[in-house]
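Produce the entire structure from the sequences given, and follow the hints as far as they go.
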Amino acid sequence: MTFGQILFPIDFSERSVAAASHVDAIAMHFGSKVTLLNVVDLYRAYAAPGEFGVAYGYETDLESLKERLRVELDNFGKEHLPNACRGSYIEDGEPASTIVRFAEERGFDLIMMPTHGYGPFRRLLLGSVAAKVLHDAECPVWTSAHMETTPKTHVPYRNLMCAVDLGPRSLSLIQWSSRLAESMNARLRIVHAIPLLQPYSEYLADSRFEEDLRQDARRRIADLLREAGSHAPLCVAMGEPRDVVAEEARRHAMDLVVIGRGCLKEKLGRLRTQSYGIIREAPCPVISM
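The numbering of the sequence shown is numbering that gives the first Met the number 0, which starts it at 0 and goes up by one.
Honestly, the hints are just simulated from the structure, not real lab data. Note that beta-carbon positions come from the ideal geometry of N, C-alpha and C, so glycine has one too.
Derived Cβ-Cβ restraints for the label pairs, each shown as a range:
(1) Leu165 <-> Ser63: 50 to 58 Å
(2) Arg85 <-> Pro167: 31 to 39 Å
(3) Val70 <-> Arg105: 17 to 25 Å
(4) Tyr88 <-> Arg213: 48 to 56 Å
(5) Glu226 <-> Met27: 29 to 37 Å
(6) Lys32 <-> Gln214: 42 to 50 Å
(7) Asp242 <-> Ser171: 20 to 28 Å
(8) Arg168 <-> Arg69: 38 to 46 Å
(9) Tyr88 <-> Leu212: 48 to 56 Å
(10) Glu210 <-> Lys77: 51 to 59 Å
(11) Pro232 <-> Arg69: 42 to 50 Å
(12) Glu104 <-> Lys77: 23 to 31 Å
Given below as structure tokens:
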């Protein structure tokens with residue numbers, strides 16, 4: 000497995016600077032070419048200058064603004080990604096849809112971007128741009144909700160966790176995670192959370208019923224692991240997926256969590272609510288695919 004082309008959308012914020020070291024580590028490991036992208040949101044540029052990460056100032060000439068940002072973008076690449084950056088682009092439009100379109104048209108293998116949490120439901124969702132990109136992008140998306148608390152330098156990832164929900168794409172997710180772990184010379188661990196569903200709460204008080212649920216999940220995942228040819232250790236726990244994954248990631252000092260995003264035909268769309276929660280609560284970056 001390799002990520003030949005990485006798209007790194009930035010807004011010049013501290014989170015973008017912190018994410019750059021992750022981008023550099025992955026690019027150096029895979030020999031990837033990194034493309035920087037800054038999207039000028041015209042509404043925010045003129046209606047609320049300086050409020051959303053990029054200090055647009057009060058320039059009213061779009062081309063002058065884009066030229067200034069192009070210089071800043073080039074300087075960002077030279078300072079933070081001197082060996083990996085192969086190009087930089089300034090686009091204008093709605094940020095999320097522009098990022099997704101840019102990635103699809105140019106065939107990127109991975110999008111890497113932190114989330115800001117600027118959305119109106121910050122405690123429930125992610126930043127609106129990151130959430131839309133995660134929902135719509137066809138390629139894997141790397142993101143982290145805690146860039147301000149992570150160190151500025153990073154060794155290659157050595158501990159990976161794959162969160163499996165036993166949905167129809169669980170096998171492909173395990174296979175993809177296994178290939179990623181092998182390519183990074185990393186240890187892989189599988190985790191599955193059994194949600195505490197309200198209609199069954201009275202039964203869950205029965206330890207025998209809980210153990211039956213655990214054993215059934217273990218058997219099903221063991222079958223998937225055999226089919227995938229993986230010997231990764233497995234943890235099955237009761238609780239909300241976001242809490243179980245976050246706890247296991249902390250306990251085993253995970254460097255990266257891999258999750259799936261469902262499909263567009265599902266009732267809750269491509270990225271399900273639990274996936275948002277996992278990304279928000281995970282103590283390390285998350286790749287969703």
